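Residues per chain, in single letters:
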Amino acid sequence: MNWWRHVVANELRKILAFRSDFWVTFLGQTIIQVLIARALWQSIFDANGTKVMEGFTLPMMTLYYIIVPVGNKILTGENVGFLAREIYDGSFNRYLIYPISFFQYKTLTYLTHSFFFALQLVLIYLLFNLFQPDGVTLTLLLNLLSGVAIFLVASYVFCMIAMSIELLSLWADNIWSLMVMARFFVYFFGGSYMPLNFFPDWAVSALQYTPFPYLVSLPIRTTMGLASSTEIQVGLVSLLVWSILFHLTARSLWSKGEYRYNGVGI
Amino acid sequence: MKRYLRLYLHFLQFSFSRAMEFRLDFFFRIMMDIIYYVVNILLFKILFLHTDLIGGWTEEQMMVFVGSYLLVDSINMTIFATNMWWFPTYINRGDLDYYLIRPVSPLFFLSLREFSANSFMNLILAFAFFVYALVAYSGTFTIVELINFLLLLLNGTFIYYCIQMLMVLPVFWTHSSRGFIDLFYSLGIAMERPDKIFKGWLRILFTVFLPFALIASYPAKYFIEGLNLNDLLHLTLVSVGLWIVMLFVWKKALRSYSSASS
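The listed protein sequences correspond, in order, to chains A and D. FYI, numbering that gives the first Met the number 0 numbers position 249 of the first sequence as 248, with every residue one higher than the one before it. FYI, numbering that gives the first Met the number 0 numbers position 123 of the second sequence as 122, with every residue one higher than the one before it.
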């Protein structure tokens, strides 16, 4: 198990290799996205002349969009192509000779990224609430920790979805567009673009049978303290079922696809 | 000029034949862009279930705006985006050397070499949606207004390109793998919102320093609300200013380029 520690340390070094880029991108993405979303919702609240829409006030909406960009990063861990690129250029060879499980190694590097972004979420969320009238309370801390925990479980599920798609590159040469499509679906139907409360009822009911709301909406609602305990329990069971399903899919794709890998790259 | 046109035709031929090498990927990428379009349209359709106005525009006016930015985005994806994607690689691997020694502007080469054939298919789709939004639009407009609208959108594409270049050029100094291109795409959401929602310093940011709001929102505003001389002057000044700044940074960046060892 000692190799886990080295892999995590190595990944963290890689994440922080270009610090200026990293922090500019991180702060820029988060702050600007929040400001743009707030401006949009401010105009909608003003046009309707109301203070509450679908259970959300404007400050709640702001909080929602503070969590969204970092939450998306937790969920999607490593960049698109974290596996497909290596299969494509042949550098995947090294995983075949490493004395460790390929699956464990890749899952761990992915989750290291997620964990790092989870720390960012904690930092941003606490900073934001520090300047709010209620400040940082025990309830807020508990909600934040529960939300981050669910985000990490969700990120494992998305890691398995990503692996299932990325392993298709053993059959098709270039699949990054499939990964981008998957992200569009998860972000839109998960609630990154807007809270699912705004979707028509029939759409919300239909989405319960997909993994999307549990990947984005549930962890955000938990962090904000909006999710009931029943909702969290149902969500966690759903995430467990989806994780098993996608884990089996990825495993079966790997066991079939590894014989197609020619090792020379393209 | 003629030489550059001939060169660009060769780029087109090369890009199409390369795209057809990976047919499945070609198809996937078309699907990806279609999903992006659908998501954008659905977003506003759902929002309009809860309000009658966004940024002062009704749903049909908003669809004209959505059609506008999808069109600009598809032109950018077809002509510039792939080049911007590879830009940091050329700098970090020292491949820029090959562009510098050719008797062609390196900026032209780096910006236009890769034409995205699959996005060209989506450009057709985006244009079809744009036409649909115009047909569904109940307001009246003349041919001259329509032509001006299209010209303003082309100017918007140019602004989009300049901002994108300014986000990728820091790679000359930071040597990172992607520059600030991820930040650029995050900021790009500002292009997808009507400019009237931005107030105060945020408005100044998105109409002057990072003028995303001028890309599609100002052209759509001209088309929907008519000519405003102040807006036109603002658009012209910012476009020219941005071009000058981009060329200045580009020249500075080239001077700091230290070839393969950089």
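Worth flagging that the hints you see were computed from the coordinates, not collected in a lab. Small disclaimer: the values here were computed from a predicted structure and weren't measured. Keep in mind that a hint or two might mislead.
A partial selection of chain D residues facing chain A, derived with a Cβ cut-off under 8 Å [unchecked claim]:
hint : residue
1    : Asp24
2    : Met30
3    : Leu48
4    : Leu52
5    : Thr57
6    : Ile142
7    : Leu145
8    : Asn147
9    : Leu149
10   : Leu150
11   : Phe179
12   : Asp181
13   : Leu186
14   : Ile188
15   : Arg192
To be clear about the criterion: a stretch of chain D counts as covered by chain A if any three or more of its residues have a C-beta under 8 Å from a C-beta of chain A, and this derived list gives those stretches [claimed, not checked]:
hint : segment
16   : 34-45
17   : 196-206
In silico BS3-like links for lysine-lysine, alpha-carbon gap of 25 Å or less [unchecked claim]:
hint : chain 1 : residue 1 : chain 2 : residue 2
18   : D       : Lys195    : A       : Lys50
19   : A       : Lys50     : D       : Lys198
20   : D       : Lys195    : D       : Lys44
21   : D       : Lys44     : D       : Lys198
22   : D       : Lys44     : A       : Lys50
For every residue, glycine included, the Cβ atom is placed at its ideal position computed from N, Cα and C.
Restraint satisfaction for Ile142 (chain D) [CB to CB of chain A, less than 8 Å]: violated (32 Å)
Given Leu145 (chain D) as an interface hint, is the shortest Cβ-Cβ distance to chain A below 8 Å? violated (27 Å)
Does Lys44 (chain D) pair with Lys198 (chain D) here, judged by a C-alpha cut-off of 25 Å? holds (24 Å)
Interface restraint verdict for Asp24 (chain D) against chain A (beta-carbon cut-off 8 Å): Holds: closest Cβ of chain A sits about 4 Å from Asp24 (chain D), inside 8 Å.
Hint check: Lys195 (chain D) vs Lys50 (chain A), CA-CA at most 25 Å. Holds or violated? holds (20 Å)
For a C-alpha distance cap of 25 Å, please report whether Lys50 (chain A) and Lys198 (chain D) respect it. Between Lys50 (chain A) and Lys198 (chain D) the Cα gap is close to 19 Å, so the pair holds against 25 Å.
Would the hint on Leu48 (chain D) be counted as holding, given a Cβ-Cβ threshold of 8 Å to chain A? Leu48 (chain D) check passes; min Cβ-Cβ to chain A is 7 Å, inside 8 Å.
Grab the minimum C-beta distance from Leu150 (chain D) to chain A and call the hint holds if it beats 8 Å, violated otherwise. Violated, about 27 Å.
Given a cut of 8 Å on the nearest C-beta pair, is the interface hint for Met30 (chain D) held or broken against chain A? holds (6 Å)
Let's test the interface hint: is any C-beta of chain A closer than 8 Å to that of Leu149 (chain D)? The hint is violated - Leu149 (chain D) has no Cβ within 8 Å of chain A, the shortest such distance being about 26 Å.
Tell me if the straight-line CA distance from Lys44 (chain D) to Lys50 (chain A) falls inside 25 Å. At roughly 22 Å apart (the allowed maximum being 25 Å), Lys50 (chain A) and Lys44 (chain D) satisfy the hint.
Within 8 Å of chain A (C-beta), three or more residues of the segment 196-206 of chain D: holds (count 4)
Hints 5, 6, 7, 8, 9 and 10 from the earlier list are contradicted by this structure; the remaining hints agree with it.
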